[in-house]
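Novice: So the protein lines, in turn, are chains A and B.
All residue numbers for the first sequence refer to the numbering used here, where the first residue is 198 and numbers rise by one.
All residue numbers for the second sequence refer to the numbering used here, where the first residue is 11 and numbers rise by one.
None of these hints come from the bench; they were simulated from the model.
Worth double-checking, as some hints may not be accurate.
Unchecked claim - Using 20 Å as the maximum straight-line C-alpha spacing, the simulated DMTMM-like pairs for lysine to aspartate or glutamate come out as follows:
(1) A:412 with A:933
(2) B:282 with A:1272
(3) B:44 with A:930
(4) A:388 with A:830
(5) A:406 with A:930
(6) A:306 with A:374
(7) A:491 with B:279
(8) A:1235 with A:933
(9) B:245 with A:1343
(10) B:44 with A:553
(11) B:202 with B:120
(12) B:44 with A:554
(13) B:140 with A:1343
(14) A:1100 with A:462
(15) B:44 with A:548
(16) B:245 with A:1272
(17) B:295 with A:1272
(18) B:295 with A:1343
(19) B:206 with B:155
(20) B:174 with B:155
(21) B:44 with A:550
(22) B:129 with A:501
(23) B:206 with A:501
(24) B:129 with A:499
(25) B:202 with B:220
(26) B:206 with B:120
(27) B:44 with A:557
(28) B:282 with B:158
(29) B:140 with A:501
(30) B:245 with B:155
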Amino acid sequence: TSCLPRASRTPRQARPRVRGGTTKYTLLSFLPKNLFEQFHRLANVYFVFIALLNFVPAVNAFQPGLALAPVLFILAVTAFKDLWEDYSRHRSDHEINHLGCLVFSREEKQYVNRFWKEIRVGDFVRLRCNEIIPADILLLSSSDPDGLCHIETANLDGETNLKRRQVVRGFSELVSEFNPLTFTSVIECEKPNNDLTRFHGCITHNNGKKAGLYKENLLLRGCTIRNTEAVVGIVIYAGHETKALLNNSGPRYKRSQLERQMNCDVLWCVLLLVCMSLFSAVGHGLWVWRYQEKRSLFDVPESDGTSLSPVTAAVYSFLTMIIVLQVLIPISLYVSIEIVKVCQVYFINQDMELYDEETDSQLQCRALNITEDLGQIQYIFSDKTGTLTENKMVFRRCTVSGIEYSHDANAQRLARYQEADSEEEEAVPRGGSLPQRGSIGSHQSIRIMHRSQSTKSHRRTGSRMLGRSLGHTLPSASIFLQEKDITPDPKLFEKVSECDRCLAIARHQEHPLAHLSPELSDVFDFFIALTICNTVVVTSPDQPRQKASSGPAPAIASNGYSSGAASWAPENTAKEQELELEQEQERELRYEAESPDEAALVYAARAYNCTLVDRLHDQVSVELPHLGRLTFELLHTLGFDSIRKRMSVVIRHPLTDEINVYTKGADSVVMDLLLPCSSGIQHQKKIRSKTQNYLNLYAVEGLRTLCIAKRVLSEEEYACWLQSHLEAESSLDNREELLFQSAIRLETNLHLLGATGIEDRLQDGVPETIAKLRQAGLQIWVLTGDKQETAINIAYACKLLDHDEEVITLNAESQVCSPLSAPEKNTDNVSVGFSPLCLPSTSTNSGPSPSLVIDGRSLAYALEKNLEDKFLFLAKQCRSVLCCRSTPLQKSMVVKLVRSKLKAMTLAIGDGANDVSMIQVADVGVGISGQEGMQAVMASDFAVPRFRYLERLLIVHGHWCYSRLANMVLYFFYKNTMFVGLLFWFQFYCGFSASAMIDQWYLIFFNLLFSSLPQLVTGVLDKDVPADVLLTEPQLYKSGQNMEEYRPRAFWLNMADAAFQSLVCFFIPYLAYYDSDTDMFTWGTPITAIALFTFLLHLGIETKTWVTSGFSILLFFTVALIYNASCATCYPPSNPYWTMQTLLGDPVFYLTCLIAPVAALLPRLFFKAMQGSLFPTQLQLGRQLAKMSPKTVTAPKETFAQGHLPEEPRTESSEKRSIRTSGSLSQDCTLQASWHVQQPACSPEARGEPNVVDMNLPLRENILLEGLSSQAPGPSMPREAILEGCPGDSKMKSTSTSRAAPLSSIFNLSNFSSFNWISPLSLVSGLGSVLQFSRSSLQMDKRDSEFLPSPPQPDQDLCGLSGQTTDYF
Amino acid sequence: MAMNYNAKDEVDGGPPCASGGTAKNRRPDNTAFKQQRLPAWQPILTAGTVLPTFFIIGLIFIPIGIGIFVTSNNIREIEGNVFMYYGLSNFYQNHRRYVKSRDDSQLNGDVSALLNPSKECEPYRRNEDKPIAPCGAIANSMFNDTLELFLIGNESHPTPIPLKKKGIAWWTDKNVKFRNPPGGESLEERFKDTTKPVNWVKPVYMLDSEPDNNGFINEDFIVWMRTAALPTFRKLYRLIERKSDLHPTLPAGRYYLNITYNYPVHSFDGRKRMILSTISWMGGKNPFLGIAYITIGSISFLLGVVLLVINHKYRNSSNTADITI
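Chain A extracted, bound-state conformation (with noise of 0.2 Å):
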């Protein structure tokens, strides 16, 4: 950190501004600035260079200025797109650079209105609520009595709940109003930096007092001051600096697949230039060498009169050649590319089928340049929720000390509410009638608005609350109404009121919660839990605030494109009063939550009437009944982060006094810090266990579980904690890891309340969007942060799994080795365990090929160096990867590897702030417009507003703008080529001098003016498919994943054929001319024209629509005729006068133009026509078939289905099965019942108990041995498996050699490898953690369910079995 802003201190001048915004030039710097710009293209220094070239005298080609012609276009036309972008930008810098804000003027000693871009580093700012904050500013005074303030950052990040800000510590203290001409303190920041979520530096009050400054202090450039009246602040960093501003770093630059293996041709091209130009070279030297002595008439010596030395003219001749044949290199290729681009992405854009009705939002194209690399996706990675999911929360069941409470009503109710919400759906037709969003006059059209509005932000969870009969009067507001709307199970709620009758009664005596039954007492402190252990923000209306979203600019808000002048005028129109006015009448609270799901427990926990009613930075209201309103004194808040995987709050209970922490948080964490058993009671284990088995229930359903848990501190415990976390707090280097073991030793030894069941539904057209991109080809990879039995029945109800294959799981079995501190001493071992791994899936491949399922531990262990490879090996071969319980990291990580090693184009989708690392590193990043703000979609480069719109993207849109550009680039090499090679062919009798028959403006303006148009037209609009048979037939997609259309082979034949063509071109004109008395350029102007027939009858036999016409044909003889007319004397040395009307006079023309074109092509027309007959490409046969019925594409669908999509007919079953799964999950044992029903012919073991979990290792490997005897043992390669049991000191050493040694009993069974469908191949422990694998089939999979209440989770009831195996293959 170095010391920036000597707050205060500096004289105003030297600090920056905020000025300046973000215009990149002045009228000045504009030329050199932008053209410096340019030049860092390499091809435009070639131009420039070959352009310059010729201003040497002894080489200059063409006209000097002529050769820079083109050259300047271009760069004119860059230029200019410059100038016009930075202009608009000025303009709205100006905007901003010209809103007032209050600032401290020492020489009035007051506040003074001020513009934005006169503010400075040091300067004091004040800032009033709902004030846009103008510049990076540290928060000294707040208005707030705690010294709070709140900001809303849906202009940095889209995300619409409040943040809170702090004032700097030894400020907050003030009792007085803060006044800047005491501020005597020297603060020291670190460097402006982009980092939004970090900030560290320290402020030296003038008592010699230090305190540290954080991120809590400091107030964002662009947020907006939210529920705080007044703040004051003082200037930290200021406009470049801002870390708002360093973060908006434009559209992204990618470069695609294609255009990286097209700038691999250019270098070809260059290759080629240069021995052409080095052939021209040697044959000059050679020329002049023979007729040197010879005196010959048309020798010219140079100007002295002397003849050059033959080597010296080969030096000349080759600078000339490389400027004469530069048209190899196309300088218009890369225009050409831009622009192709360009409307490519207007078309995608303007697609209707891309268009979200229910967001009102399309798809947006962020970065421009890798359209085509939509085509050729092999890998998807995607994230579950929010992406795959809905991100809706919605309470669906919860345990409370072992006990469930279902809520069937409320199940019911949402299944109604659905049902409702389709039948609207259907009665009114999308978007049809419901009121545009700004035509809203009526009290009743308001509340559809609230509906469209929280369908189309969902995020903000605490938008307005109808009232609840509106509910069953008014079906629009279903979706609306269900996320927080919780009818509540009646036990639970009879239980909570006895808790609260219970509390009022006894709440003034001694001990108030003794009174209460142990299961009471949980049930109490869960909703407790559940109330306060957040970060939830109240708002009531009696502070109303008049948030920007309130009105009509969530849509704004939401789609990150905060207009800065919209959202920042406070606005309030007569129907935002109008709004006010309603929900004045409703007197409801509304919640601000991080997280959906973090609102959904509130909510619920609202539902049983333990309502949060407010929330301090140091205290917690709730309300109940009986009890009235308690307030909690909030000690501390641990938040969430997604390595701890849970939060805490510390709290003092205003009932006992006693110090309590609730924690909350993911299962497999929280599972681990329970008490320990052996000092609990049995009762708590049972508790747990049962507990265990009802959030495995959950994860099957598909619900999203979180463990609940209290732990009850001492006074002396809490003291001695609380002081080491001050320490920690107060360090400045390495504070985060000291935070993370703080937060640890306050976590452990926690007494488990319950758990949480969330239902986030899967969005609309999932599974039949995987089933379409499967076919297509792309394998898809989905990376989760959720646990693994969620994630699996996701992936199941999305068909992503299929229930009759294979899936292989790999579980990294080990309690002390996290992926953060996993140790380097066991990746000896692991990688022992991978290798047999491998071997069956590649050699029993004949199936279909398995699934894989990895969890976020073996992941890290996956990733490491020495076992990525083999890791990698596996997944390629499986149908789809589901990583489970992956950190933003590992995500990233994945992709990274894939993309690196398996050399293929990945895309990655995803909607929040986890998923940024992940789109980032991709290829190809796609940001889901959805709930969790906008960090995805500023990362991305296509944002959808959902999942399902990513079939269209890819394998229509993809596949066009692929096959589009590749033509395109493919063309354009094969023109340039023909072309000089025109001009190639006649060096040879011109003895290489270099000599063009082509008149030279012709030749540079060819391929600028002639000959572009046409090739523009067919990269914007030609469909070698029609949209519907690539959505019927997605295999057709894979023409873009092999690149089909442009690959090295098919440049060389291209190149080949241009050679032919200019071969043909060139003779025929020459040979009809031979020995004539024509001259050389009314020569040479037959063989443009010719070359241009033949180009465009080129582009016709390539193009798959005509749609353009003979209009460069007209161009050029218009432009010839008018050139040749226009000047006697000009242009040398051509001087082309009058030729081509005396050629058009000449019948010899006619006859060539038409016979050189036709010969030239007829090899490819009849390779074309033979290859379509013979062997057509899967596009062709596309293409055909939607010739043959361009209306019934339906009908032929069933066929391809059925031929070639052996895994129809399974999606089938499993969708069946998803149904089932998700719809009737009211009984307690759902999850056999569906089951069964789904599999009939189930074992009879699988009608076992459901609660058995000391399943014993033996059972096990009998139902192991059962399995293998019924299954036939096929014929194949006996494998060994390794085993090794590594002696290692830990306390886990015994657990994993017992285990190993049944195992490996089983392993010397002869045959014991050949059967596929089981692999545990190796058990591999060391150092207290195991790595297992397992392979298992359809088979497998009834057996797992037998045991799923019995988890396959590492972290199950571990300390209560330790002696005991928990793995269940």
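Fit chain B to the known structure of chain A by using the hints.
Specialist: Chain B only, in chain A's frame:
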């Protein structure tokens, strides 16, 4: 994670991210263009669809070829106007530096260019401090042999064949591109400040006796200045006009060609020729085009037959294409 103050204008302007108006529906227009549903002809290249093209090409090209071939071969009969050419081979008139070595402005009669020729003419720009007119290598290397043709009849005195000097250059060249410098009565006076090209025997104003064929507008000169495309070329030298419909222009008999040899070609292994030819509607005698048309037509026809066979054999498979995908 970018803040988009400045994106505002782009946002409002472009369809990609129009966040603008609140009431504005962002549903794209349902037009054929925007939804890429423009009607278009979609040919599919298979044997069946392409083979008519081949047959048509064959059927058109072969007759054209025969026609051209016949026309070209008929040129032999010396009837109508006979053109007298001189031919040069191995003469690189298309050499890059040679081609450039001229000054069109000077040739167009521009006085300033006459006295100060373009730099392109170097080293044939000035001689003995006087500008060369016409300057440049092309002019300098002008063909200057004289050809005379005599018919040796029965008598011992050969009758000279009248050779027409005018009408051999392009009309636009003679009347637009090439002009003598203005002023002065006599041509010699107009060129008085210039000197003749180095290789020339006579100055430019003494190329011919007739004033409308002298100086820059001398047609032999104009023809020479039109640089040939290939190292083997011919240039029109004279016209032998047909006298009457009854007699052939050049009756059968013995002829005598008198060549005044000025032009050295041996030094660079060049060759000189004299060609007498008539021209048809499609120019001089060149059998190539006819043969080419016949060949291409036949090949096309053949390929058409091949495709016909393929189409016949594989028609079934292409009809069931949808199943084999």
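Novice: For each hint, tell me whether it holds in the structure or not.
Specialist: Structure-based check of each hint:
Restraint check for residue 412 of chain A and residue 933 of chain A: the C-alpha separation of about 13 Å stays at or below 20 Å, so the hint holds. Between residue 282 of chain B and residue 1272 of chain A the CA atoms are separated by roughly 12 Å; this keeps the pair inside 20 Å, and the hint holds. Our distance criterion of 20 Å between C-alpha atoms is broken by residue 44 of chain B and residue 930 of chain A, whose separation comes to about 57 Å. Of the supplied pair hints, the one linking residue 388 of chain A and residue 830 of chain A is violated, its CA atoms being roughly 37 Å apart against a limit of 20 Å.
For the hint linking residue 406 of chain A to residue 930 of chain A, the alpha-carbon distance of about 18 Å falls within 20 Å, and the restraint holds. Taking the CA atoms of residue 306 of chain A and residue 374 of chain A, the gap is about 14 Å. The hint holds against a cut of 20 Å. Under the criterion of a C-alpha separation no larger than 20 Å, the hint pairing residue 491 of chain A with residue 279 of chain B is consistent with the structure, at around 9 Å. With a C-alpha separation of about 47 Å, the suggested pair residue 1235 of chain A and residue 933 of chain A falls outside the 20 Å cut-off, and the hint is violated.
For the hint pairing residue 245 of chain B with residue 1343 of chain A, the CA-to-CA distance comes to about 17 Å; that is within 20 Å, so the pair holds. With a C-alpha separation of about 17 Å, the suggested pair residue 44 of chain B and residue 553 of chain A falls inside the 20 Å cut-off, and the hint holds. Note on residue 202 of chain B and residue 120 of chain B: the hinted pairing holds, with a Cα-Cα distance of about 14 Å set against a maximum of 20 Å. Proximity of residue 44 of chain B to residue 554 of chain A is assessed by CA-CA distance (about 18 Å); at most 20 Å being required, the pair is judged to hold.
A distance of roughly 42 Å separates the Cα atoms of residue 140 of chain B and residue 1343 of chain A; the hinted pair therefore is violated under the 20 Å criterion. Distance hint between residue 1100 of chain A and residue 462 of chain A is fulfilled; the C-alpha atoms sit about 19 Å from each other, no more than 20 Å. About 7 Å separates the Cα atoms of residue 44 of chain B and residue 548 of chain A, which keeps this hinted pair within 20 Å; it holds. This hinted pair checks out: residue 245 of chain B and residue 1272 of chain A have alpha carbons roughly 9 Å apart, not beyond 20 Å.
A threshold of 20 Å between alpha carbons decides the hint, and for residue 295 of chain B with residue 1272 of chain A the separation of about 10 Å falls inside it, so the pair holds. As the CA atoms of residue 295 of chain B and residue 1343 of chain A are separated by approximately 14 Å, the hinted pair is consistent with the 20 Å bound. Distance hint between residue 206 of chain B and residue 155 of chain B is fulfilled; the C-alpha atoms sit about 17 Å from each other, no more than 20 Å. The straight-line distance between the Cα atoms of residue 174 of chain B and residue 155 of chain B is roughly 16 Å, inside the 20 Å bound, and the hint therefore holds.
Note on residue 44 of chain B and residue 550 of chain A: the hinted pairing holds, with a Cα-Cα distance of about 12 Å set against a maximum of 20 Å. Restraint check: the Cα-Cα separation between residue 129 of chain B and residue 501 of chain A comes to about 12 Å, which is no more than 20 Å; the hinted pair holds. Annotation: proposed proximity of residue 206 of chain B to residue 501 of chain A holds, straight-line Cα distance about 19 Å (limit 20 Å). Simply put, residue 129 of chain B and residue 499 of chain A have alpha-carbon atoms about 12 Å apart, close enough for the 20 Å limit, and the pair holds.
Distance hint between residue 202 of chain B and residue 220 of chain B is fulfilled; the C-alpha atoms sit about 19 Å from each other, no more than 20 Å. Note on residue 206 of chain B and residue 120 of chain B: the hinted pairing holds, with a Cα-Cα distance of about 17 Å set against a maximum of 20 Å. Taking the CA atoms of residue 44 of chain B and residue 557 of chain A, the gap is near 18 Å; set against the 20 Å cutoff, the hint holds. In summary, the hint linking residue 282 of chain B to residue 158 of chain B is supported, as the alpha carbons are separated by about 15 Å, within the 20 Å threshold.
Proposed proximity of residue 140 of chain B and residue 501 of chain A is supported: the alpha carbons are some 16 Å apart, at most 20 Å. A hinted pair counts as satisfied when its Cα atoms are at most 20 Å apart, and residue 245 of chain B with residue 155 of chain B qualifies at roughly 13 Å.
The structure is inconsistent with the numbered hints 3, 4, 8 and 13, although it conforms to all the rest.
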